[in-house]
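S.K.: Same order as they appear, the protein sequences are chains A and B.
FYI, the working numbering numbers position 6 of the first sequence as 6, with every residue one higher than the one before it.
Adding 1000 to a residue's 1-based position in the second sequence gives its number in the working numbering.
To be clear, the hints were calculated from the coordinates, so they are not data collected in a lab.
Hints are not guaranteed to be accurate.
Said to hold, decoys possible - The calculated lysine-lysine pairs, modelled on DSSO-like cross-linking and capped at a C-alpha distance of 30 Å, are: (1) B/K1067 with A/K101; (2) A/K101 with B/K1060; (3) A/K188 with B/K1022; (4) A/K284 with B/K1129.
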Amino acid sequence: MKESFDGYSISELKDLISEHIGAERVPKNLNVYTDTSDFYRVDYDDVVILGGKPYLIRNNEREGRFGIDEQQKFWVKRARDLTDGSVKIIKFVFHERFEAKVGGIVFECFRSPRKEARILDLTKDHPRFMHGFSVTDVSNNIIRIIDFIKGKTFADFVLTLGKNHEDYYYNHFPSVLDEFIELTMAIKFLHEHGEKHGDIRRDHILKDSSSEISRWIDFDFNYLHKENFYGYDLFGLGNILVYLAGRGDVTIQALKQNNSSVVSSLVSDDMNIIFNNRVVNLRKVYPYIDESLNYIMKHFSLGAETFYDNTEQFLHDLMEARTNIGKT
Amino acid sequence: MNKKLNKNRNILIAVDGSENSKRAVLYVSEIINGMEGFHVTIVHIISIPPDDYFVSEVEKASWIGTKSLEGNKILQEHLNLLLISGYYKEDVETKLIVKECISIAECIIEEQKNLNCGTIVIGRRGISKKEEFIFGSTSNKLLHESKDCSVWVIN
């Protein structure tokens, strides 16, 4: 009797690989999994059958984190859907709980497949988020199958704009800010539905090259909040805004190399409240930055007298600042 | 507890087991001691993390069990502080609240309303500006969000 995996025989699977990937790429020995509990076993050229569909596994995805670039994420695989050939990202169940330390502050973080599955469902029609769905494998693991987004990070895209900062600020930043406002509205949408993104940072926004729209990715991370449910998400948004306004991080080290007169005018209150080497009061470096925008950024500085409590307040000020930016 | 108790003489002390919350209890003891008609409820809140945090229901139940034991111990320690100071048992009670709180301050205010307390007492933790930025401050939130009740923040 022919061995069958969720209705697919080995020869049928090989035919599908041949059809969508190429006859020369069909593995001689095909490993097929329906249980992904031990995801370390699932390797390149294996097939995983999820929700009745076969997926051919390609490489592990990689991610930079906490200053360590290109860490392999063994639980996140690039894959090809063998029913239509489309590229997917498959995320297996990896429960992780650890204490993160950012700027000397320790907080408890955890990874939750259930959270990401919930957000994928919540945002399935929202253009500012990655799209996908979740299925359970034979051992009830919640697997997320995500549409691959082709494109560079929004942060990398921004670095390509403008001849210099002034050119960038006047000719490109208004549309970058419009994009960021849309992204902030998307986070507000999550918060209004009782969800956090959990890991807001600039490399978690991809500029989809097919639609030219920037979209949030990776929702499986979470942190145990204390008094302010939104605090860490807001911190992430603030960091991204400062990065966008500065056309990259403006660090004290870089300024020392390039412009000593600015350095002498900077005080500790001008720096990022957590990352103390990053300048937040950017008007001191780029005096043409609008005061209303600078006012928002200073909420994320060591000198801040007040903080944003929620995304709505942040968004309100952003939209007000937008009316002052890009005027000729 | 006497249901007809005057709200203004009904005090809630929120404690977390820290030295600051012990100071809050001792402060109340010194201020109120000897005066009749006051009632104190010492409240400890265990905020259950969201279900996403736990791998299984068994793990969640175990977490709640462990934290509840710790919480009851904290309450007993703070209760003893008041009893040693001369409070009568009938004028003091303790309450352990175990629930998922979006914010500890909001849970304290909810309990203040349930118990009809006119005063909330809490110890200030003295967190750094960075911590307040990321995590928020329970005492600040209480000061801003409480209505129809006094808030004592004890340094």
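S.K.: Next, verify each hint and record whether it holds.
M.R.: Verification of the hints:
no.	hint	result
1	B/K1067 with A/K101	holds (24 Å)
2	A/K101 with B/K1060	holds (25 Å)
3	A/K188 with B/K1022	violated (39 Å)
4	A/K284 with B/K1129	holds (23 Å)
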